[in-house]
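Starting from the given sequences, assemble the full structure and let the hints guide the process.
Residue numbers (the numbering used here), protein chains in the order written: chain E, 1 to 238; chain U, 1 to 788.
Just to be clear, a hint being listed does not mean it is correct.
Unchecked claim - Here's a subset of chain U near chain E, in silico, CB distances under 7 Å, partners left out: (1) Asp402; (2) Tyr403; (3) Arg417; (4) Gln418; (5) Met422; (6) Arg425; (7) His426; (8) Asp689; (9) Ser692; (10) Val695; (11) Leu696; (12) Gly697; (13) Thr699; (14) Met780; (15) Ile781; (16) Leu784.
Hints in this document: simulated from the structure, not taken from any laboratory. Just so it is clear, CB atoms sit at the ideal spot from N, CA and C, and this is done for glycine as well.
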Amino acid sequence: MASKDETVFHATGLTKVYRSGAHEVQALRGVDFQARKSEFIVILGPSGSGKSTFLNIVGGLDRASGGEVWFRDHQLTALDDRGLTQYRRDHVGFVFQFYNLVPSLTARENVALVTEIARRPMSPDAALALVGLSDRRDHFPAQLSGGEQQRVAIARAIAKNPEVLLCDEPTGALDSATGIKVLEALAEVNRKVGATTLVITHNAAIRDIGDRVLRFADGRIVEETVNATKKRPAEVSW
Amino acid sequence: MVISPLRRKVLRDLRRLWAQALAIALVLAAGVATLILGNGAYASLSETRARYYGEFRFADVFADVTRAPLALMAEVRGIAGVLAAEGRIVKLALLDLPDMAEPGTILLVSLPEAGEAGLNQLYLRQGRLPDSQSADEVVVSEGFATAHRLRPGSSLAVVMNGQRRTLRLTGVVLSPEFIYALGPGELMPDPRRFGVAWLPRPGLEAAHDLEGAFSNLVLKLAPGADADRVIEAVDRLTAAYGGAGAIGRADQISHAFLDAELRQLSAMVKILPPVFLLVAAMLVNMTLSRLVTLEREQIGLLKAIGYSGRAIAQHYVEFVLAVAVVGIAIGFAAGAWLGAGLAGLYARFYAFPFLVFARDAGVYGLAALVTAGAAVAGALFAVRAVLTLPPAVAMSPPAPADYRSRMGFALQHLALRQTAVMTVRHLIRWPLRTASGIFGVAMAVAVLVASLWTFGSIERLIDLTFFQAERQDVTVAFAGAEPARAVQAVRQMPGVLLAEPYRSVAARISHRTLSRKVSITGRPAETTLSRVLSPDARPMALPDAGLVLSEALCDALAVRPGDLVTVEFLEGQRRTITLPVSGQSLGYVGLGAAMEISALNRAMHEGALISGVNLMLDKAQGPAFYAAAKAAPKTGFVIVLGRTVQRFRDTLAENITAMISVYVVLAAIIAVGVIYNFARIALSEQGRDLASLRVLGFTKAEVSGILFGELAVIVLLAQPLGWGIGHLIGLGMVTAFSSDLYRVPLVIGREVYAMASLVVCAAALASALAVRRRINRLDMIEVLKTRE
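Spelled out as structure tokens, the structure:
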């Protein structure tokens with residue numbers, strides 16, 4: 001097993017340009033980035049600062065216009081669509097702002113959706129237990145609160161035992177009390193599963209729960225802070 | 001001109017949803033086209049016939065006699081209700097043509113003399129009518145002239161009553177009496193083997209010893225006259241002169257075949273267009289329901305700012321009407337094109353001097369109205385739910401799809417993959433739409449089953465009729481009844497391997513109030529060539545006494561074996577006797593009645609007489625045999641079975657292939673329309689879920705598989721339903737098609753079902769692949785950023 005200091009992500013000179021007609025939007029203007037195994041990284045920044053674009057490229061959902069991203073010994077920037085799909089399938093867990101659960105499947109079935117195609121999954125019940133939803137496993141998304149739905153999404157993301165957990169505004173649609181529960185679930189699985197966790201947020205109060213905080217502005221990382229001591233989500237004031 | 005914002009939205013929606021709109025428009029177009037084709041062809045054919053009959057004075061009643069004096073005509077004209085009457089000489093003659101080894105048949109009809117009524121007038125295509133004093137001038141029917149490249153000035157050798165004569169053509173004509181010119185013993189018109197010729201009376205009188213007499217009677221009735229009473233009166237008058245029973249138009253061969261065609265067309269109009277319009281209405285409903293769901297918040301907003309529910313409904317109805325207009329336009333064009341094709345078929349099959357094209361605005365107007373109505377009905381059904389919502393409720397997003405109550409956990413015990421669970425739950429969540437999809441695809445299968453079965457059915461008809469029942473190579477029919485020893489003379493002819501005599505007697509068979517004029521065939525009890533088949537298609541021996549009636553005749557007379565029927569012979573001593581029905585036989589062509597030949601002769605109180613001989617020939621000696629048959633003085637006409645089968649197959653194959661190509665296209669349109677729209681709607685509803693799965697690492701193939709799984713379930717469930725509905729339509733067609741002239745066996749083999757399913761599955765696959773491009777282009781990033 002790799003040591004805790006092992007580099008999981010390594011990006012250099014990452015750029016992204018969106019073209020629509022004659023318009024060009026420079027979303028990333030040269031990002032250099034590294035992440036170690038099990039690291040919990042909070043990414044802050046205003047809308048349009050490039051943080052989501054960055055997460056999408058790191059997560060294999062989008063392609064960079066320039067620069068390189070490596071995940072361990074895979075050069076993500078060199079993979080084709082099939083390769084990126086395989087990368088997401090085998091290594092990445094995603095949590096989204098709007099949960100993106102399948103409405104026709106129960107909580108347990110939503111998790112099983114992923115464990116059925118994963119290489120070394122935990123059981124769906126174990127994943128739900130990790131987020132404290134064992135007793136809600138036979139409920140459909142329409143029967144769950146927003147916070148519960150997001151915890152199901154987290155269970156779904158970690159059930160494959162991913163090496164990377166990417167969360168884009170996981171608390172964006174939730175009230176603060178619920179948001180804290182969701183962040184606690186994230187911190188808990190980061191500790192237990194050991195996945196490198198990247199969390200995008202608008203909410204600066206969350207910064208204290210990460211090992212490291214990156215601040216994006218205008219397509220670049222403009223500030224990097226290492227927290228000497230992480231707070232527990234319950235301890236941050238919202 | 002200022003276009004209102006809502007109308008602008010209609011145009012933009014059409015551009016955005018063009019593929020779905022076009023798929024619906026095509027199904028509507030199929031409905032319109034079949035409606036126009038069916039109604040138009042029906043109107044064309046019936047109006048053409050009516051005008052032809054009117055202008056050329058087609059008779060109402062027809063009767064054959066052996067020989068009646070012309071003086072009888074005064075009494076005939078005196079019958080109440082008779083407007084005009086004509087006594088003609090009508091006789092069959094053998095053709096002796098250099099381009100045909102086998103003898104063909106020509107029907108010779110005497111022309112009316114100057115001053116006579118002139119019923120069944122001729123339409124002169126070429127040349128002139130014969131000079132009334134001439135002994136050898138003749139005009140012939142157009143089909144026959146074309147088949148033998150005859151034109152005015154050509155000569156024509158015929159054998160009339162045993163005498164060879166050479167006639168000279170002065171013209172080519174058409175007659176309302178022979179629009180469908182069927183030769184004796186034939187199943188299909190064959191203008192090469194059968195023609196009609198009209199010539200002045202003197203030549204025919206001399207050849208048949210009919211000076212001052214007639215052998216055929218045609219009557220025109222006054223409007224409103226009772227044809228049945230006239231027929232009775234004619235039968236009474238002609239009984240003493242060998243009258244074989246008068247018939248009305250309904251039993252006149254040419255007229256009856258046209259009637260059968262008209263009945264088939266009206267059956268088509270009753271079945272096909274409603275299928276298309278129903279499917280189209282369902283598609284409109286399905287598609288618009290989804291559109292309305294997607295635009296629910298916009299509708300709420302429109303209501304909030306003061307648009308009335310009526311205005312909003314009108315907006316969606318306008319959208320649907322725009323689609324309907326496109327469909328109607330395509331349908332008009334396709335209907336007119338197909339109609340012209342069908343008219344071309346009619347022109348070749350039926351001898352009309354002209355075709356009245358029923359470009360009846362009414363037909364088009366009705367088609368447009370019915371189609372637009374079906375589309376609007378589908379639309380209103382979809383919109384009505386949203387219109388009843390208060391604006392505040394409509395503006396908020398709909399509650400998330402709730403999968404709780406329906407079949408929730410039964411699936412857990414099935415050990416399905418979650419993607420399969422998604423497929424099943426989504427189908428169950430929208431039961432009405434799922435049912436519509438299944439029904440729509442089933443209709444595509446049904447349309448195919450209901451058209452493809454005709455091939456197998458005709459093969460069965462051919463097999464039973466020509467290879468099981470009528471197995472002779474050739475039938476030689478004598479001009480009149482001959483002593484049984486006449487069979488010996490035929491046996492002596494070159495190439496004859498086997499000869500079996502038969503007797504054929506015209507009779508009226510009655511049971512209670514029902515009666516039919518048929519010809520009773522007498523055969524030896526057990527025969528090798530022409531056989532009577534039992535209902536299970538096995539050869540049956542004829543009983544010592546009693547009649548064996550075909551199923552069609554049993555149905556027509558409402559009798560069963562064991563019942564007694566009254567038989568009134570229309571020949572010889574014209575006895576009327578009671579006979580038991582001793583058996584039922586299989587037969588698809590005409591109404592059949594059979595008896596053991598000596599029993600028949602006994603019943604008629606006649607000696608051993610025969611009407612003709614069925615023969616098995618040594619093919620190598622065919623020409624020699626035909627030459628001998630032509631030379632034999634007693635030969636009335638000759639039927640060559642092989643040629644009949646060939647003609648039957650060719651003609652039907654041509655017509656059916658054309659028809660089936662049209663049906664396959666129509667079925668494919670339904671299948672594509674239903675599957676494509678169903679897939680687009682399913683994708684619209686689940687696009688977000690599928691994109692989420694792509695993010696989670698599902699491959700494009702796995703994600704497409706979820707949607708294709710739904711389509712596969714729809715298509716698979718539709719197959720047995722489609723087979724069933726197709727079978728029912730086939731049954732309806734058989735009932736609609738069957739007449740005293742012919743019946744069609746309903747034979748739907750496994751290959752028919754397989755072929756129908758194959759075509760529909762291919763169409764479904766094509767539509768699925770069209771949607772696959774959209775699945776592959778699902779935007780994974782967009783879906784993460786937006787709430788549904």
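Results for each hint:
no., hint, verdict
1, Asp402, "holds (5 Å)"
2, Tyr403, "holds (5 Å)"
3, Arg417, "holds (6 Å)"
4, Gln418, "holds (4 Å)"
5, Met422, "holds (5 Å)"
6, Arg425, "holds (4 Å)"
7, His426, "holds (6 Å)"
8, Asp689, "holds (5 Å)"
9, Ser692, "holds (4 Å)"
10, Val695, "holds (6 Å)"
11, Leu696, "holds (6 Å)"
12, Gly697, "holds (3 Å)"
13, Thr699, "holds (5 Å)"
14, Met780, "holds (5 Å)"
15, Ile781, "holds (6 Å)"
16, Leu784, "holds (5 Å)"
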